[in-house]
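*Asks:* Listed in order, the protein sequences are those of chains A and B.
For the first sequence, our numbering begins at 1 and goes up steadily by one.
For the second sequence, our numbering begins at 543 and goes up steadily by one.
Keep in mind the hints are simulated off the structure, nothing from the lab.
Hints may be right or wrong, so weigh each one.
Over 10 Å on every C-beta distance to chain A, these chain B residues come out as not near it, computed from the model [what the hints assert, rightly or not]:
| id | residue |
| --- | --- |
| 1 | P756 |
| 2 | R824 |
| 3 | R886 |
| 4 | I914 |
| 5 | L1037 |
Straight-line distance between alpha carbons at most 25 Å, and here's what the computed DSS-like set of lysine-lysine pairs gives [to be verified]:
| id | chain 1 | residue 1 | chain 2 | residue 2 |
| --- | --- | --- | --- | --- |
| 6 | A | K347 | A | K292 |
| 7 | A | K309 | A | K278 |
| 8 | B | K1065 | A | K523 |
| 9 | B | K730 | A | K22 |
| 10 | B | K820 | B | K671 |
| 11 | B | K565 | B | K889 |
| 12 | B | K834 | B | K889 |
| 13 | B | K565 | B | K627 |
| 14 | B | K565 | A | K188 |
| 15 | B | K1065 | A | K499 |
| 16 | B | K1041 | A | K523 |
| 17 | B | K834 | B | K851 |
| 18 | B | K851 | B | K820 |
| 19 | A | K188 | B | K564 |
| 20 | A | K23 | B | K730 |
Every residue gets a Cβ at the ideal spot worked out from N, C-alpha and C, and that includes glycine.
Protein chains: 2
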Amino acid sequence: MAQRILILGGGFAGMFAAREVKKRLGQAAEVELINDQNYFVFQPLLPEVAGGSITAPHAVSPLRFLLRDVFVRQARVDSVDFERKIVTVFQGVQRRPTEIAYDHLIVAMGQTVDLSRTPGLTEHALTMKTLEDARRLRAHVIERLEHAEITQLPEVKREALTFCVVGAGFSGVETVGEMKELIDRSLKYYPNIDPSEVRVVVVEFAGRVLGELPEKLGAYAARKLEERGIEVMLNTGVASATGTRLITTTGQEIPTRTIVATIGNAPSRVVRELALEKAHGRIVVERTLQAKGRQDVWSLGDCALIPMKEGAAERGDFAPPTAQFAVREARTVAANIAAALQGRPLKPFQYVSQGALASLGARRGVAQVWGINISGLPAWLLWRAYYLSFLPGFGTRVRVLINWILDALSPRSVVQIRSYTPPAARYVHYRAGDRVFEAGNRADGFYTVISGAVELSYQDEATGGTVTTRIGPGGHFGERLILGQQRRSGTVRALEDSKVLVLDREEFLKIADGFPVVRDYFKAHMKEVYGIDWSPNSGQQG
Amino acid sequence: MAQRILILGGGFAGMFAAREVKKRLGQAAEVELINDQNYFVFQPLLPEVAGGSITAPHAVSPLRFLLRDVFVRQARVDSVDFERKIVTVFQGVQRRPTEIAYDHLIVAMGQTVDLSRTPGLTEHALTMKTLEDARRLRAHVIERLEHAEITQLPEVKREALTFCVVGAGFSGVETVGEMKELIDRSLKYYPNIDPSEVRVVVVEFAGRVLGELPEKLGAYAARKLEERGIEVMLNTGVASATGTRLITTTGQEIPTRTIVATIGNAPSRVVRELALEKAHGRIVVERTLQAKGRQDVWSLGDCALIPMKEGAAERGDFAPPTAQFAVREARTVAANIAAALQGRPLKPFQYVSQGALASLGARRGVAQVWGINISGLPAWLLWRAYYLSFLPGFGTRVRVLINWILDALSPRSVVQIRSYTPPAARYVHYRAGDRVFEAGNRADGFYTVISGAVELSYQDEATGGTVTTRIGPGGHFGERLILGQQRRSGTVRALEDSKVLVLDREEFLKIADGFPVVRDYFKAHMKEVYGIDWSPNSGQQG
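Just chain A, same shape as in the assembly (with noise of 0.2 Å):
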């Protein structure tokens, strides 16, 4: 009977094991492959997205179209009993959870982002991880610049036009650099908008950029960044974010309403909570890419921690998490398994890097293949042939080639499609001083104070006088507004450095006005407080 073969994720490191897997055991195996997106991304090509130089689709193809004898599984895993020998997932719109068992498992989960140990980065910053990442990062500069160019407040100019990209890898040197050409190239259509008051900075906590490549390329793409006219801040963390400001570890306080984390590398939650050993985040192997103590369980990619010679210990010593390297990881898988399955002795993962290449943006780069030192022109035209080259299916490479020419030669659109909903209910970070609410501003939500405290002031209608009230953890402001149906409000301050939980109005609404607790609570509220008669449903119309 055929053995069955099941992967988890669809990245370079799963896609690549899937054809291989397949390539190599044909009628021999069941292979199947779970993702929760059904199409692979083309990881490097996303800072591309991200500047408008090709389109979404351009950056993916489907799993389906590139993996035809493997059964491509639309869902969520949520945990795997490899005593059983059982992946539980979740799969469409269902509730219900599916069992699905193995005789190999390959876990290729690649790793999320996790921003928690800095206060607020996490609700501020937007990440670069993901396709819909790098088109919403696209549709929020473009915002940014539309209300640049319309606001009247100089502060809140100032703000929108300072973008900040935090990490200078090869994700946050491309990131910065395509960022700033999308922005170069917009501003024609900005006449409000002068370039001088455009401000982009990349801030990196080492003392260099693109730590991966040597000392010499580092030094040139930072000074090509800076030629452009975006700002190199090493040696620089981030100490705190919240939605207006961006403070580092040196002090210095940025205003920004744009800032995009590149760090942060974490394991998904159910790689955490895999019943394997991890180390930094990662799931130990063995050089043979079986997950330690076991046969039947093998790991590759940004996922597992897999170690280049006996006795690894420093981090040179592993295999890093890129693309070359996890097409490589899924040869080996493939050939051990088969290996295993045959009785014959397995072999460690062996690679050396042929290289290693970056855009910088604006038709330069850098690049260093088989020890040679490239940059410029040159390089950046490497690096799309080489990513070009390696693009999967021949159509999506005719595709991305013709849109980077129709780039070449023509605007960049300045589109701005919302592709990102907020959450309804979500944090946001104060620093002491800070605006939160302002009198005659519309009722976008309920707040509740959740950590530090915020000041309401008023003006007494009967007096005259100013009322001002504080309000600490637990308590809330907004509710007048959406339920009172009054335009005329307070302007609440933070007192102090505060966390303040915001429902949107349309869903603080519906729970006000569904589930009784909180509507009772609230009739008897607005009537004790304000001395209004609140009853259901009569906030809906506004």
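Knowing the structure of chain A, use the given hints to seat chain B on it.
*Replies:* Chain B only, in chain A's frame:
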């Protein structure tokens, strides 16, 4: 001093009005256009976006490209004060209102969709009005195919593979045609789906399709749709809808997870609240396109009721809501504003339709041009040529043409990019007998019954017997799974037709953790009803 001409809306009517006014008045006018999106949508291409023959960015153009000497403001209109001649908007992420003065105001805000007259349709139907709608429909169809491919449940598969379009006007017919083509071309990637399992239905209240075209072409279109395996249900309306059912006015119950409503045109909130005379939800205008009783307010496009002759009374006496007419109306508005400023007499709007075109998908179309009926491939080619020539901007035209050619030569991508997040608090409709929640399901939300009644049944751990509880309006369930972190649960069924408010797990947790009233309620409730000691933040690890 230059006159300030302010235009609300950036669709065909507003965009062309801005162009024409600027062309006529030049430096004599300061023209500003306000739109909530920064792009112009080429509406006739939306079904093609839904079908995937072109990507979303190709159906839109940035308003700033199209309107070089016009000030474009991306903002949401809040209200108009006709006495002070002021429009109030909210712009950017700001919650602060901004006031904009005008000398002449042109209202071209189109229409929105209102499905509230049919129970469940607002909550469970997709629409086809915006670019987001089109992208969402494409992703939705592919998600249904992915789910049908892997589910083990025959009923779920049947629901997933049944696709319903409501309304067989231009939008409905083109949408159902493109949707069928997308499905047909994708099926080869879904080996577990047999073509005979797919059911595509278009439901139309009238006795024929494409009521805007001659009887003969309507009959041809219906025949072509049926030949392609699309069921055309005439004289049939929608009585109600749930997440898995469409109930027709003829008493049929169609098990489906896809309902696309192309009906229910209605005025937007802003138009509804304008202090102007309205009829049938539209702004009543003179034949000069001036709003009734106003010299300085003009209206055109779908939001205006434009008489084509004196004493207009019947539907046919008014201008139809098509792009063809909107573009001509824009010329009349511009000419009349120029005439008004120069004290010349105004002219009434006059135009005779040149014809009408509809694409049926799969390279078939119907058209009536200068009184001549055309059908089949020639009509389809004419459709594409006409809209290609109509597309604003040479670059866009080239891109769309190239993408059409690529689409004809290569397989259609089944990439399913999620662009839609359902609201965190939403109403769900169930029919009596429907499963609401099944034992063993994942805890995805907190449920409050709004109307109707459901029955919760679970096994009593002590006795082993089944306990059933009726939950009526105001009652709730789901909290034990989320706050108690238990997978063991009961099954919930609707006893009557019911409306339930569902609050997503993550949002519910944030509110239960952060908002004291809710926190205190659940602390007591969990202890009292389930004997569980719940404390805030305990659920967040799950």
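*Asks:* Against which earlier hints does the structure fall short, listed by number upward?
*Replies:* none
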